[in-house]
Amino acid sequence: MNKITFIIIFLFIVSSLNLYSQWIPVGLGTPLGGDINELKVYNSKMYAGGTVTLFRSTDNGNNWNGCIQGFALYAWNIAKNNYAIYCGLGSSTMYYSTDDGETWPQMTTFPQLAGGIHDIECDNNFIYTQTAMYFLKSSNNGQNWVTENNPGGFVLFYSNGRLYSAGAGLKVSTNNGTNWTVIFNQPTTSIFVEDSVIFAGSQDNGLYRSGNYGQNFINIIPGYIRVNAIYKYNDYVFVAADTMNPPFYTAHNLYVSTNKGFSFIKRNQGLDSVSITSFTYHDNYIYISVGNYGTTNVAIYKRLLQDIIGIKKYEGIVPESFELYQNYPNPFNKTTIIKFQTKSNGLVELKVFDLSGKEIKTLINENLNAGLYQVEFDSESLTSGVYFYKLVTNGFESVKKMILVK
13 MNKITFIIIF
23 LFIVSSLNLY
33 SQWIPVGLGT
43 PLGGDINELK
53 VYNSKMYAGG
63 TVTLFRSTDN
73 GNNWNGCIQG
83 FALYAWNIAK
93 NNYAIYCGLG
103 SSTMYYSTDD
113 GETWPQMTTF
123 PQLAGGIHDI
133 ECDNNFIYTQ
143 TAMYFLKSSN
153 NGQNWVTENN
163 PGGFVLFYSN
173 GRLYSAGAGL
183 KVSTNNGTNW
193 TVIFNQPTTS
203 IFVEDSVIFA
213 GSQDNGLYRS
223 GNYGQNFINI
233 IPGYIRVNAI
243 YKYNDYVFVA
253 ADTMNPPFYT
263 AHNLYVSTNK
273 GFSFIKRNQG
283 LDSVSITSFT
293 YHDNYIYISV
303 GNYGTTNVAI
313 YKRLLQDIIG
323 IKKYEGIVPE
333 SFELYQNYPN
343 PFNKTTIIKF
353 QTKSNGLVEL
363 KVFDLSGKEI
373 KTLINENLNA
383 GLYQVEFDSE
393 SLTSGVYFYK
403 LVTNGFESVK
413 KMILVK
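All you need for my numbering is the position in the sequence shown, starting with 1, plus 12.
A few of these clues could be false.
[To be verified] List time: in silico DSSO-like cross-link candidates among lysine-lysine, alpha-carbon distance up to 27 angstroms:
no. : residue 1 : residue 2
1   : K370      : K351
2   : K402      : K351
3   : K402      : K355
4   : K413      : K363
5   : K324      : K244
6   : K363      : K412
7   : K244      : K402
Just so you know, the hints here were simulated from the structure itself, not pulled from any lab data. Because the structure is a prediction, the values reported are computed rather than measured.
Please put together the full structure from these sequences, using the hints given.
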């Protein structure tokens with residue numbers, strides 16, 4: 013290979029990597045607009061609720077249309093059960109759709125909804141809603157509502173037989189909202205729960221994590237930080253937070269974890285000027301909504317998941333075999349690059365283990381297309397020593413050794 017050819021290939025690879033490292037505006041030129049507060053995906057259709065109305069997209073976010081006709085202010089709450097999709101408005105009104113988002117009749121309003129609907133959540137038996145003054149539930153898809161003890165929160169989340177309410181603190185109910193127990197005493201702005209793991213975003217003290225249903229919490233992202241949104245997909249956790257540096261400056265940050273929320277790194281690239289309000293995953297992309305539409309004129313962005321979590325694909329290369337390469341540099345201090353190639357599409361798992369065989373970190377647990385990839389491994393708080401990394405995909409397995417020197 014001559015020098016000119018090498019330079020051309022090198023520039024092609026660099027440009028390909030840069031191409032896939034950008035946040036892409038979504039829905040430009042369509043009715044999508046205003047501040048979006050919540051994103052949801054149901055049956056491959058996307059829903060975005062915000063200050064203008066509830067929007068719906070059937071083509072991966074390229075085009076959007078308003079669902080609720082007329083002036084529908086603060087459509088910030090979206091939930092679904094086996095019967096319908098529900099949307100609650102700040103104007104104390106609830107709409108629902110039983111035809112996959114095509115039509116949205118208004119539900120009968122009740123006096124208890126006065127003051128605005130703060131959030132909606134569903135399980136297999138009930139719809140729950142929190143208003144400014146009441147907590148209510150319905151066992152017949154919203155035809156009738158029962159007032160229960162009010163936990164006084166603003167955000168609801170249901171997981172594994174437990175209903176959570178976040179506000180002045182974090183409370184949990186194990187009997188469908190009849191009784192509540194405080195499990196976290198700090199003002200809580202956002203939550204995400206998966207089985208026994210709870211992520212609680214505080215108003216001004218960062219992110220907390222519990223692995224035992226809230227018996228105790230660890231401050232995973234400390235500091236004078238307000239957490240605005242939390243989302244988990246597979247082993248990846250995404251956190252939108254504002255670092256508040258008084259008296260006048262606020263920094264917007266996106267934190268990403270690839271190990272189920274045990275540690276986080278910042279992935280702010282291109283997002284320093286926007287305040288993230290919600291996340292969702294759809295068709296290999298992470299979508300984010302932003303709450304400052306008036307200054308950016310963009311309500312939603314998307315980015316390839318593999319790029320956010322640090323996976324880079326070399327475009328234009330179609331391997332003829334599976335292979336796991338030796339990391340470089342090796343030995344390494346703090347970070348190293350691991351390359352691998354797969355000749356067919358499928359689930360790819362790349363994990364790191366210590367000398368005893370204990371799993372330390374999941375670098376990749378994702379469906380990838382055939383190609384040549386690289387991922388950066390950050391040793392974070394690990395001590396010096398010998399570690400192993402293992403690739404598993406499509407019946408292929410390979411293990412290699414790497415040495416950390418600090």
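Quiz item: Which numbered hints does this structure break?
Solution: The structure conflicts with no hint, since it agrees with every one listed earlier.
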